Amino acid sequence: MLGKLLKYDFKWINKIMYVYFILLALISIAVKIVESLDQTIFLVIVDKALSSMFIGCAASTIVTCLIRIWVRFINNIYKDESYLTHTLPVTKNQIFNAKIIASILSILMSGVVVAICFAFIYLNSSTIDALKIRYQSLVDIYNSVFAIFFIIGLVLLVVFESIYIMISGILGIVIGHRFNNGKIIASIGIGIGCYSLLSTMSLVIIGIISNVIDYDIIGNGFPTMNYVTAVGLSSILIYLVYDIVYYFIAKKLLNKGVNVD
Amino acid sequence: MNLVEIKHVSKSFDKKKILDDVNLKIPSGKIIGLLGKNGAGKSTLIKLINGLLTPSEGEILFKGKPIGVYSKANISYLPERTYLDKSMKVKDVIEYFAEFYENFDTECAYTLLKDLKLDAEKRIIKMSKGMQEKLQLILVMSRDAELYILDEPLSGVDPATRDYIIDTILSNFKEGSSIIISTHLISDIERILDEVVFIDEGKIVLASSADDLRNKEKSSIDEAFRRMFKC
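Chains as they are written, first to last, in my numbering: chain A, 1 to 261; chain B, 1 to 231.
Derived from the structure by calculation, the hints contain no laboratory data. Quick caveat, the model's predicted, so the values are computed rather than measured. Keep in mind that a hint or two might mislead.
Below 25 angstroms or equal to it, Euclidean Cα-Cα: the simulated DSS-like pairs (lysine-lysine) are [claimed, not checked]:
(1) A:K79 with B:K230
(2) A:K252 with B:K65
(3) A:K79 with B:K17
(4) B:K15 with A:K256
(5) B:K65 with B:K15
(6) A:K79 with B:K7
(7) B:K65 with A:K251
(8) B:K25 with B:K203
(9) B:K126 with B:K91
(10) B:K122 with A:K15
(11) A:K79 with B:K91
(12) B:K129 with A:K79
(13) A:K4 with B:K15
(14) B:K30 with A:K11
(15) B:K17 with A:K256
(16) A:K11 with B:K203
(17) B:K37 with B:K230
(18) A:K256 with B:K126
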């Protein structure tokens, strides 16, 4: 049953997202074509306009994906459609887990599409050379294994932070809908509050760790390996813990029972 | 064994009690009319049986088990509002029901669609409210459930369609199953009722067989109801 729920959640969230993906692809191709032509003033202006459109579209893709995740959650759990969701022969846990997994997959898919389009536009021989130089300097200062882990760590941090934004919104909706009045305003307020609270706390924790570990510059402005490892790992762990904690709080509250509208 | 047992159930919103110490047993193979004025607590009781609300006090058992996956697999519920994802097509909704409910009969659903002249290719958003309600009735009655709960199935429907709905319910109602019909349009359904439950201000004020009530009051159920709840 989890698979069936997941299928319908994923389909609904991404139904409109494919339009954004096609738009991103078309803009990327347009940018690439314009940049391959002899650059006149007119084409430079067109190139800048298309690049701005791409950035706007990329940002909208991620924001729309998050909004659709939250709208799907509200519609299915609390609005008219909840009369069907809560009478399906499935457990509350299955309903909740399907929504969270579908949300994570949707965010990842949108992120990957944006990243591919970004790479398609901006990766050329000169940017690849610049990246190689940057990577080599990481290898020279630390070592090749550490450089690879550094890049993986950065990707993980972005993924966990994105999930954290999504799950903060879900927790805000679950708590906000326990009120009898002003549910949407309460959901937004509590969602932003949940996000800000732990984000501030993570800054404090990272600050404390930074003070404990010696911050020495060892070359080209890079700090010591111990410092980067400690701050990087603790950042990843903090967001992972936040994601898990918010997931369990939201699930527990949902399992206590829902009073549909 | 009773199909549903409602034991000392109360439900409050804020400090207002909507249901107060309700005790009720729903037997198998009966058509039960849950009758009461608007705001009497009928829909709240139905939502509790379907697990859409959690009782403030007391418990509800379906065949001896608490409300959960088992009860939801065996109760077919028609709410008073349209609950389908409006972006879906009719055929997609039928596929959805077939995937989730093992007792859903796809063939029966398509036959009823044809009878009611509904297009399987049509998107729900493009259907009128009346058509959406008919579609929901088809989905609910296409299940081989042990209990059908129909919340106000006749409200907002013209008299000719009311008869059609009642016929659809009766002809698709599986033998040995029970139906709970909540309504305040008593005269339209009283001919099909085996049992009646009167609810008022969150309390069960009468639970009786339809024939016993008619004999005792020497009138129709509709008249008995009007007398009892005269403003």
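A quick look at each hint next to the structure:
1. Between K79 of chain A and K230 of chain B the CA atoms are separated by roughly 35 angstroms; this puts the pair beyond 25 angstroms, and the hint is violated.
2. Our distance criterion of 25 angstroms between C-alpha atoms is met by K252 of chain A and K65 of chain B, whose separation comes to about 22 angstroms.
3. With a C-alpha separation of about 23 angstroms, the suggested pair K79 of chain A and K17 of chain B falls inside the 25 angstroms cut-off, and the hint holds.
4. For the hint pairing K15 of chain B with K256 of chain A, the CA-to-CA distance comes to about 19 angstroms; that is within 25 angstroms, so the pair holds.
5. With a C-alpha separation of about 29 angstroms, the suggested pair K65 of chain B and K15 of chain B falls outside the 25 angstroms cut-off, and the hint is violated.
6. Taking the CA atoms of K79 of chain A and K7 of chain B, the gap is near 28 angstroms; set against the 25 angstroms cutoff, the hint is violated.
7. With a C-alpha separation of about 23 angstroms, the suggested pair K65 of chain B and K251 of chain A falls inside the 25 angstroms cut-off, and the hint holds.
8. Between K25 of chain B and K203 of chain B, the direct Cα distance comes to roughly 14 angstroms. Compliance with the 25 angstroms bound is thereby established for this hinted pair.
9. The suggested pairing of K126 of chain B with K91 of chain B holds, with an alpha-carbon distance near 14 angstroms, which does not exceed 25 angstroms.
10. Taking the CA atoms of K122 of chain B and K15 of chain A, the gap is about 18 angstroms. The hint holds against a cut of 25 angstroms.
11. Taking the CA atoms of K79 of chain A and K91 of chain B, the gap is near 23 angstroms; set against the 25 angstroms cutoff, the hint holds.
12. A hinted pair counts as satisfied when its Cα atoms are at most 25 angstroms apart, and K129 of chain B with K79 of chain A qualifies at roughly 17 angstroms.
13. Distance restraint check for K4 of chain A and K15 of chain B: the Cα-Cα separation of roughly 39 angstroms exceeds the 25 angstroms cut-off, and the hinted pair is therefore not satisfied.
14. For the hint linking K30 of chain B to K11 of chain A, the alpha-carbon distance of about 40 angstroms lies beyond 25 angstroms, and the restraint is violated.
15. Of the pairs offered as hints, the one joining K17 of chain B and K256 of chain A holds, with about 20 angstroms between alpha carbons and a cut-off of 25 angstroms not exceeded.
16. Proposed proximity of K11 of chain A and K203 of chain B is contradicted: the alpha carbons are some 44 angstroms apart, above 25 angstroms.
17. Annotation: proposed proximity of K37 of chain B to K230 of chain B holds, straight-line Cα distance about 10 angstroms (limit 25 angstroms).
18. This hinted pair does not check out: K256 of chain A and K126 of chain B have alpha carbons roughly 37 angstroms apart, beyond 25 angstroms.
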